[in-house]
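Enquirer: Using the sequences and the accompanying hints, generate a full structural model.
Heads up: the sequence shown is residues 1 to 241, going by UniProt numbering.
For the record, the hints were derived by calculation from the structure and aren't laboratory data.
Virtual Cβ for every residue (Gly too), placed ideally from N, Cα, C.
Take these hints with a grain of salt, some might be off.
Said to hold, decoys possible - Heads up, simulated DMTMM-like pairs for lysine to aspartate or glutamate below, C-alpha to C-alpha not over 20 angstroms straight-line:
1) K4 to E60
2) K4 to E16
3) K4 to E56
4) K231 to E188
5) K231 to E204
6) K231 to E177
Claimed, not checked - Derived DEER-like restraints, expressed as beta-carbon distance ranges:
7) E100 to V179: 53 to 63 angstroms
8) V75 to Y208: 40 to 50 angstroms
9) G21 to V54: 50 to 60 angstroms
10) S31 to G193: 24 to 34 angstroms
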Amino acid sequence: MPRKPRYLWLAEQLREPILNGEMPPGTRLPSRTSLARTHRVSEQISRTALRLLVTEGLVEARPGSGYFVRPVPEVFRLSRTDATSGSGLGRLSRERVSTEQERCTAPLSSRLRLRDGEPVYRTTSRGLACDRPVTLHRSWEPAVLTAGTLRTPFDAAGTGPLERLGAAGFPVDRVVEEVGVRALRDSEAALLGSAPGMPVLVVERTHYCGDRPVETSDLIGSAEQCRLLYKLSLARPRSHG
1 MPRKPRYLWL
11 AEQLREPILN
21 GEMPPGTRLP
31 SRTSLARTHR
41 VSEQISRTAL
51 RLLVTEGLVE
61 ARPGSGYFVR
71 PVPEVFRLSR
81 TDATSGSGLG
91 RLSRERVSTE
101 QERCTAPLSS
111 RLRLRDGEPV
121 YRTTSRGLAC
131 DRPVTLHRSW
141 EPAVLTAGTL
151 RTPFDAAGTG
161 PLERLGAAGF
171 PVDRVVEEVG
181 VRALRDSEAA
191 LLGSAPGMPV
201 LVVERTHYCG
211 DRPVETSDLI
221 GSAEQCRLLY
231 KLSLARPRSH
241 G
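Expert: In structure tokens:
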């Protein structure tokens, strides 16, 4: 069996006391030089081990101060069930940022089955915890569905899309979600107060009226803090008697 690289071995020596609570959040780790001397490895190995723990989210590097055990991030569970799940933001409060009309472009045109250039309404909102943004939500719907009525996102602010679209004659009867992970983009980072490039969870959700997509949205949140909670109802097995 191949021998384990020394930097992995050293990372294990540090990881275990962090995970079992012997080194609580805020604890300063020994310096690279001290680790190298204590564990009889090179400074390159101690540096690589510390960087691995940073990548795992257990340790943070503070320039000029060293490496410290990170606080355990608060986790938010976002319910992704059906109409009974409300906003789907769990304990987060919803803050509406803006509603605008814009021209549809790819890949949005594909999701809404529109031609490039057709008008859509875009609504941006955030999920907040103690006034701090945790999630970003952007939704788009074809303007042709509600233009000229009092059911547009501009006229019916505060009303959910299911209620608005149903009142406009487009009742939603099907929802499709696709979940993935990608890097946070610059424009999104500005709204979330986060650094571009960090991994985020993205839920692409599309509402349908029959076979017609009537609204699509992106729910974006830190992959470290956000969990998707699904509650699925299963048909009861028939009794044989």
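Enquirer: A separate judgement is required for each hint: does it hold in the structure or not?
Expert: Results for each hint:
Distance check on the hinted pair: K4 and E60 sit about 25 angstroms apart at the alpha-carbon level, beyond 20 angstroms; violated. For the hint pairing K4 with E16, the CA-to-CA distance comes to about 17 angstroms; that is within 20 angstroms, so the pair holds. Among the hinted pairs, K4 with E56 is consistent with the structure: their alpha-carbon atoms are about 19 angstroms apart, no more than 20 angstroms. Using a Cα cut-off of 20 angstroms, the hinted pair K231 and E188 is violated, with the two alpha carbons roughly 29 angstroms apart.
Straight-line distance between C-alpha atoms of K231 and E204 comes to about 18 angstroms, which keeps the hinted pair within the 20 angstroms bound. The suggested pairing of K231 with E177 holds, with an alpha-carbon distance near 14 angstroms, which does not exceed 20 angstroms. E100 and V179 have their C-beta atoms about 26 angstroms apart, which leaves the hinted 53 to 63 angstroms range violated. For the pair V75 and Y208, the supplied restraint of 40 to 50 angstroms is violated, since their beta-carbon distance comes to about 31 angstroms.
The beta-carbon spacing between G21 and V54, approximately 20 angstroms, falls outside the hinted interval of 50 to 60 angstroms. At roughly 31 angstroms, the beta-carbon separation of S31 and G193 lies within the given 24 to 34 angstroms, and the hint holds.
In summary, the numbered hints that this structure violates are 1, 4, 7, 8 and 9.
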